[in-house]
Amino acid sequence: MTEPVGELRLGTDTGFSGRINYHFESLSAELEQFFRVENLTKTFGRRKVLSDVTFDIHEAEVLGLIGPNGAGKTTLFECVAGLIPAVGSITYRTRHLEQSERKRALFYFADGITPWPEQRVSWVLRFFRSLYSQSTRRLDELINKLKLTELLNSRLATLSKGERKRVMLALGLLTPQPLLLLDEPFDGLDLRQTRDVMSLLREERVAGKTLMLSIHQLVDAEKVCDRVVLLNNGTTVAEGDFTKLRVQANLSEGGLEEIFLALT
Amino acid sequence: MLIFVGLLVGQGFTTAVRLYSEMSGGGDGPAALPQGLTPLDGIIVPTWGAYDLAATLLFPFVAIRLVSAEKESGALKLLLQFPGSLLTKLGAKGLALLLGWLVAWLPGLAAIVLWKSYGGHVNGPETVNLLFGHLLRGMLAGGFAVAAASIAESAASAAIVTLGFTVGTWALDFVSAGRGGLLQQIAGYTPTAALRTFEHGLLQSNTVAVMLVVTLAGFVLAAIWLHPGRTARARAGWTSVLVLLLMVLSIGGSKLRTSWDKSENHRNSFSNADEQLLKTINSPLKITVYLSPEDPRLMDYEQNVLRKLCRVLPNLQVEYAAGSQTGLFENAADHYGEIWYEINGQKSMDRSTIEEVVLDQIYALSNINVPERQQSDFPGYPLSVQPAHAAILFYLAWPLLVVVFWWVFRH
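Protein chains in written order, with numbering that gives the first Met the number 0: chain A, 0 to 263; chain B, 0 to 410.
Next up, chain A with everything else stripped away, as it sits in the complex (with noise of 0.2 Å):
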């Protein structure tokens, strides 16, 4: 911590008193580079999939990833995880995160799996809730969010696309980590889930939870996301707040698809 810049007195007529060291500069810094994502480049042989990618993750915001199918999603979210080895690096506050460190700064949930699927919903939220020492009232929380106490008894493998993916969202939603990765979180869910879900979403950015969700309908991720990172053919075509982007793809108005249409 940086010593303080300022220091702001509060009279007794404003019903406080005492006084706040402020560090707008540090504050500001932190803000900025909470997470950052700099030059990343992964190949797969030859054909370069992912190329210099770089942009900022803020403190409790959601941030979308937007881009078409084949855009490097998934990929840019496993080369942060440091699930597949990449070139380029990320920072935590200021602090170089080497691979095998990254699972302490942050949790990536992958699309599409289904894991120890012969076990009870029940087993799996309970075996997550006790590997990251969560409350019981927290998980509770979770499965009346989620709507999940029907399926408690259920097997994973027994769940359908749009279920598997509310106990996946669960399950990521009980890691400690400061920042989730979710890929496609609204994939599989109905009209009322996915506005139940995004809520939900909005609910823990407000409690302090940093998220940043790969998401190709982008009328889901005007409605959830704070701010965007457009990724076509695998680079950063654009990164900021819709007002910041419809700025810079010249629009005087329109929605994130206009945008990304313009910008790509």
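Quick caveat, the hints were computed from the structure, so don't treat them as lab data.
Label pairs and their calculated CB-CB ranges:
hint, chain 1, residue 1, chain 2, residue 2, range
1, B, Met246, A, Phe43, 27 to 35 Å
2, B, Met246, A, Gln216, 49 to 57 Å
3, A, Glu37, B, Val242, 32 to 40 Å
4, B, Ala231, A, Glu37, 20 to 28 Å
5, B, Phe408, A, Val218, 39 to 47 Å
6, B, Lys115, A, Glu100, 54 to 62 Å
7, B, Gly251, A, Pro67, 51 to 59 Å
8, B, Phe81, A, Glu202, 20 to 28 Å
9, A, Pro67, B, Ala231, 23 to 31 Å
10, A, Glu58, B, Ala231, 33 to 41 Å
11, B, Ala233, A, Lys47, 15 to 23 Å
12, A, Gly44, B, Gly83, 30 to 38 Å
13, A, Ser159, B, Lys115, 50 to 58 Å
14, A, Asn249, B, Ser84, 46 to 54 Å
Since we're looking at a predicted model, the values are computed, not measured. Beta carbons: idealized from backbone N, C-alpha and C, even for Gly.
Chain B: place on chain A using the hints.
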């Protein structure tokens, strides 16, 4: 696997008890010499032979499934992000496998209890030694299978690799028999050959060391290859280091000479008097054997003489000089059938493969007087009995028990 193991053990046990009973004079036939009737050879080894089969053809697939299922379901991606190193997690899997292997032992242990209930004799040290051999055999199979599952793309490929390895070790065992040299030394550590030493009631530190090192190497290799985050270069580098370490440790382990004869009839040892005298021979002994690999005399000679000599004489060199595979068409000029002994430049030749005759040759070359030898005090344990209740236990009760436990576990 548990059901199959029970059936195999049951089959092995009932057949073994019937044969043992016949050899003991049951069924109105002539009885074998009582000294030749050891429950280790007659009952325990054939019954527990089921576990060699299981460790070869069933258990590896359980181990493969443990890794491949996680790769295929995507659980591996989560596992890699859990706290702790990958090697620790694989170690936990190894412990789970070990536990499973021990649970699979229940029918084998029940067979021993059943044999005792018939009034049969069981010698503790040699039986525990055999079980220890099977423990190492299972761990070796598990270690190799986990490594194969980590390297191979799918469970099917891993199964092919594992079976290929098994067949390869059988081939090595077969090809190297009676050839001597490095090939036979290496073949002494194939899973089947290593288990054979325990089946003979011998506990060899070099066999134990090599089996443990190879098992551990399997899990380390799995940790190197299972993590998709490692580059091909890193994997190749670490694998090279591991192979180098494995070679150094295996060679080091194979040099260990300490061994313990746990057999009740001391089949792996000469008499105390002979052993004391042989230990006084410090000069190198070179034995040149003109017997072909398929000659039964060579097998007798290796089992009755060479194996015991290796334990006592640190400077023993054995050369297999026969020119053919069968020895049927060797010329007299080729010295076929001769066994030459050489100490300090002095040579003598004999054709006998009998322990006492060979020892007398060695004593004569070393100018040592032949000691007085006593007859073995091993009484033998003939028992004429039928395998009562075995069929019900192994073919009905055990499968039922497994099914009930499976059902309870599932629900």
